[in-house]
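With these hints in hand, go ahead and build the complete structure from the sequences.
Residue numbers (the working numbering), protein chains in the order written: chain A, 4 to 326; chain U, 4 to 326.
Nothing false has been slipped in among the hints.
Distance windows between CB atoms, simulated:
(1) U:Q38 with A:R267: 36 to 42 Å
(2) A:G81 with U:A287: 44 to 50 Å
(3) U:R214 with A:M216: 49 to 55 Å
(4) U:A307 with A:D257: 18 to 24 Å
(5) U:W230 with A:G63: 45 to 51 Å
(6) A:S218 with U:E204: 52 to 58 Å
(7) A:A287 with U:P22: 41 to 47 Å
Taking lysine-lysine and the DSSO-like style, the derived pairs with C-alpha atoms no more than 30 Å apart in a straight line are:
(8) A:K241 with A:K251
(9) A:K303 with U:K251
(10) U:K303 with A:K251
Derived by calculation from the structure, the hints in this document are not laboratory data.
Virtual Cβ for every residue (Gly too), placed ideally from N, Cα, C.
Protein chains: 2
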Amino acid sequence: MPRQQSVSDLVSRAQNGEPRSVARLISMVEDGSAQLREVAAALAPHTGRAQVVGLTGPPGVGKSTTTSVLVKVFRERGSRVGVLAVDPSSPFSGGALLGDRVRMQDHATDSGVFIRSMATRGHLGGLASATPQALRVLDAAGCDVVLLETVGVGQSEIEVVALADTTIVLLAPGMGDGIQAAKAGILEVADLFVVNKSDREGADQTVRDLRYMLSLGEHHKRDGSVWRAPIVKTIASKASGIDDVVAKIEEHRDWMNRSGERERRRQRRAESEIEAITLEQVRARIGDVRGEDALPELAKRVVAGEIDPFTAAAELINTVSSR
Amino acid sequence: MPRQQSVSDLVSRAQNGEPRSVARLISMVEDGSAQLREVAAALAPHTGRAQVVGLTGPPGVGKSTTTSVLVKVFRERGSRVGVLAVDPSSPFSGGALLGDRVRMQDHATDSGVFIRSMATRGHLGGLASATPQALRVLDAAGCDVVLLETVGVGQSEIEVVALADTTIVLLAPGMGDGIQAAKAGILEVADLFVVNKSDREGADQTVRDLRYMLSLGEHHKRDGSVWRAPIVKTIASKASGIDDVVAKIEEHRDWMNRSGERERRRQRRAESEIEAITLEQVRARIGDVRGEDALPELAKRVVAGEIDPFTAAAELINTVSSR
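Laid out in structure tokens, this is it:
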């Protein structure tokens with residue numbers, strides 16, 4: 004049995020790109036391990052470098068194929084790459100999900116690529132807590148780029164892409180629901196559109212539909228922003244158009260740095276994260292005081308009509324904050 | 004223009020059964036008015052008497068017809084009755100929703116009945132905050148029974164019935180989704196089943212299906228509970244079987260009082276409510292400190308890698324609790 008490694012050991016090894024330590028740290032933040040805070044503290048000084056690129060879009064659009072060829076291109080340029088596939092609809096985590104992600108096997112023996120899938124349904128604190136920490140692990144492990152791919156569908160994909168520096172929305176021709184899905188708030192968050200499977204009939208129509216919808220939504224753009232989300236056509240299965248995608252990702256990164264938008268997004272993101280963790284910690288502390296009768300005692304007084312629930316809540320805040 | 008009434012005036016008038024004051028107080032708790040806490044404090048000593056009867060079930064099963072005939076029977080017995088129709092899927096509140104609830108018009112001129120519909124979608128603090136307070140208003144207004152009817156569908160109906168002392172689940176024959184809907188956690192919360200529209204073909208089959216499912220789920224029952232949810236057949240549109248329903252409601256109330264289950268439920272409910280309000284207040288205080296740079300400052304340090312988000316959250320809890 005291997006000796007228990009200290010958190011700082013693990014972080015040092017992860018910084019040197021040791022896959023096993025990277026995997027171990029992600030597991031620790033994902034499980035909400037007792038050492039979660041220690042891990043977070045040890046990671047903090049080594050983060051802030053990676054560009055997080057979110058990929059989202061309706062099922063069947065070719066997200067995982069696109070992710071895989073993007074990994075290939077970034078690797079050819081000498082970048083260290085992380086892949087985090089997040090499935091907010093599944094309760095199952097770990098490597099299993101990737102079993103059928105055949106193309107990812109191409110990179111299985113490449114030590115410059117870290118691939119991890121995470122399921123966040125039913126997760127304590129949900130995306131709010133685990134995903135940003137997993138991104139920090141990959142960041143500290145020296146990844147230049149982290150591809151954050153959403154698996155599955157739903158409103159929560161917006162939550163996922165909110166964690167990205169650059170968000171790619173993938174569409175494909177002939178998917179009636181492609182643009183539909185895009186309507187649901189996804190258009191506004193896209194920094195780059197990829198129309199994949201562009202050798203299929205209707206690709207140009209999809210591009211035109213998209214242009215039209217973007218023109219309608221122009222007033223929704225972030226104020227003062229001069230970035231207009233470009234549309235790139237690809238055939239990911241033939242790696243066609245992927246260089247263009249990478250060029251646009253880099254163009255967006257440069258614009259983000261130049262315009263100050265990168266700092267603004269990271270600031271907003273950190274604020275949301277701290278807020279989510281704060282609420283989660285208050286919830287946890289309430290759970291603790293339950294055992295010590297603080298909450299049951301207050302509830303008893305509310306039931307008896309001695310105090311109202313708002314007064315009880317104010318007392319409870321004092322109790323949980325004094326610990 | 005009428006003079007501004009003090010909260011204690013309003014509560015006194017509501018206690019005397021003045022409909023306008025009852026309506027005004029519900030609006031105040033629903034809007035999350037600035038005086039919400041004052042209202043809650045003024046109500047507290049006058050609550051704890053009403054029996055809250057929750058009615059839920061799939062759409063089309065006859066919930067509002069059943070509610071209306073229940074009101075009639077309770078009124079005939081001299082009880083003061085409140086009706087709160089909660090639609091968790093709608094953002095529109097107030098009297099409008101009840102416009103088409105034709106049967107309710109029967110009671111429109113009866114001063115012993117208070118009818119109110121509430122929409123809770125997108126509501127600040129949601130059900131957690133507004134609905135229990137509205138129930139307290141009706142309780143303080145001297146209602147012996149408050150019928151809490153869910154409108155619309157979804158998981159949140161469970162949240163609604165969790166506020167009831169007695170929960171009635173309505174089903175109807177020939178609705179394929181009736182029992183299906185019942186599967187989704189609703190069976191466990193039912194204190195009483197009503198198979199409405201029992202003159203339709205398949206009513207006996209529905210009762211048998213229900214009995215079968217209840218026998219399967221027997222091990223899910225609350226421990227130590229000797230209450231077995233009875234099944235009553237009704238034709239609400241002809242007021243048939245309603246006396247049986249009322250008898251079972253009263254039987255359940257007596258059992259609740261005798262067994263101590265009523266106190267246990269009220270205690271649990273108060274605990275959940277205090278917890279929800281606590282989290283909401285922490286959220287609100289975080290919003291306040293944002294303006295004072297506490298949160299942005301912490302976020303800046305997280306972005307810079309000086310501290311981790313958990314440390315930042317701990318500092319934030321201290322900041323918000325010291326105010």
